[in-house]
Amino acid sequence: GAGVSQSPSNKVTEKGKDVELRCDPISGHTALYWYRQSLGQGLEFLIYFQGNSAPDKSGLPSDRFSAERTGGSVSTLTIQRTQQEDSAVYLCASSSRPYEQYFGPGTRLTVT
Amino acid sequence: KQEVTQIPAALSVPEGENLVLNCSFTDSAIYNLQWFRQDPGKGLTSLLLIQSSQREQTSGRLNASLDKSSGRSTLYIAASQPGDSATYLCAVPGGYQKVTFGTGTKLQVIP
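Protein chains in written order, with our numbering: chain A, 942 to 1053; chain B, 732 to 842.
Hints are computed from structural coordinates only; laboratory data are not their basis.
Be a bit skeptical, because a hint or two may be false.
With a Cα cut of at most 30 Å, we get these calculated DSBU-like pairs of lysine-lysine [to be verified]: (1) A:Lys998 x B:Lys773; (2) B:Lys773 x A:Lys956; (3) A:Lys952 x A:Lys998; (4) B:Lys829 x B:Lys732; (5) B:Lys732 x A:Lys998; (6) B:Lys799 x B:Lys732; (7) B:Lys732 x A:Lys956; (8) B:Lys829 x A:Lys952; (9) B:Lys837 x B:Lys732; (10) B:Lys837 x B:Lys773; (11) B:Lys837 x A:Lys952; (12) B:Lys773 x A:Lys952; (13) A:Lys958 x A:Lys998.
Only a predicted model underlies this, so the values are computations on that prediction, with no experimental measurement involved.
All chains, please: the whole structure from these sequences, using the hints.
This is how it looks when you write it as structure tokens:
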């Protein structure tokens, strides 16, 4: 079946602009995660959605970052007033069972 | 707080060699453990998932073992190939519905 998809695959934006990154999880997966991976670094947890429950936003680095998940499926991560330190690969994962994750190909964000 | 360590950080081997990657975690009360590979600039591909009740899982040339009591897992790759070159990550539960990832082992298989 179809895996997790993310769009765009690459995004170049100017400092100060807003960007939206999209994640389409595996059909039927109730859990969805966003991570950030800076160059040469490990995965940094950003936010977690589970069904209709309130999301766990504990990993969002600042109030410039927000995410929503519509209809329990597609999720959008929004970064407002982008900064150069936001440049990274943003990864989305979905899950149907506890602690078992399947990742999308990621969105490479470059802030110039 | 769950901490995950992977040793070695980098490994270079000639093609055809068998190799072992190590993953250690501090909190042994885990639900499962998952091994991933990551190609440069790409997402993570799930390789193997071991449930806490299992001791090992196999997929093709890959075999992953789990020793919960000692907080260790190993990923064994048989007859390595250049296409195996990637970064290998292990992941274990670390908090409610959260997963803690190791920092990875970067593998290079030399033709």
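>> Does Lys732 (chain B) sit within 30 Å of Lys799 (chain B), going by the straight-line distance between their CA atoms?
In response: Judged against 30 Å, a Cα distance of about 16 Å means the pair holds.
> Taking 30 Å as the top limit, are the C-alpha atoms of Lys958 (chain A) and Lys998 (chain A) close enough?
Replying inline: holds (22 Å)
> Hey, Lys773 (chain B) versus Lys952 (chain A), does the alpha-carbon distance stay inside 30 Å?
Replying inline: holds (14 Å)
>> For a C-alpha distance cap of 30 Å, please report whether Lys773 (chain B) and Lys956 (chain A) respect it.
In response: holds (24 Å)
>> Given the hinted pair Lys732 (chain B) and Lys998 (chain A), is their Cα-Cα distance within 30 Å?
In response: Holds, at roughly 18 Å.
> Are the Cα atoms of Lys829 (chain B) and Lys732 (chain B) separated by 30 Å or less?
Replying inline: holds (11 Å)
>> Hinted pair, alpha-carbon criterion (30 Å max): Lys732 (chain B), Lys956 (chain A). Please report holds or violated.
In response: Cα-Cα ~35 Å, so violated.
> Taking 30 Å as the top limit, are the C-alpha atoms of Lys952 (chain A) and Lys998 (chain A) close enough?
Replying inline: holds (23 Å)
> Hey, Lys837 (chain B) versus Lys732 (chain B), does the alpha-carbon distance stay inside 30 Å?
Replying inline: Cα-Cα ~25 Å, so holds.
> Does the alpha-carbon distance linking Lys837 (chain B) and Lys952 (chain A) stay inside the 30 Å limit?
Replying inline: holds (26 Å)
> Straight-line Cα separation of Lys837 (chain B) and Lys773 (chain B) no greater than 30 Å?
Replying inline: holds (14 Å)
>> Need the status of pair Lys829 (chain B), Lys952 (chain A): alpha-carbon distance at most 30 Å?
In response: The given pair, whose Cα atoms are some 27 Å apart, holds under the 30 Å limit.
Violated hints amount to a single one, hint 7; each of the other numbered hints is respected by the structure.
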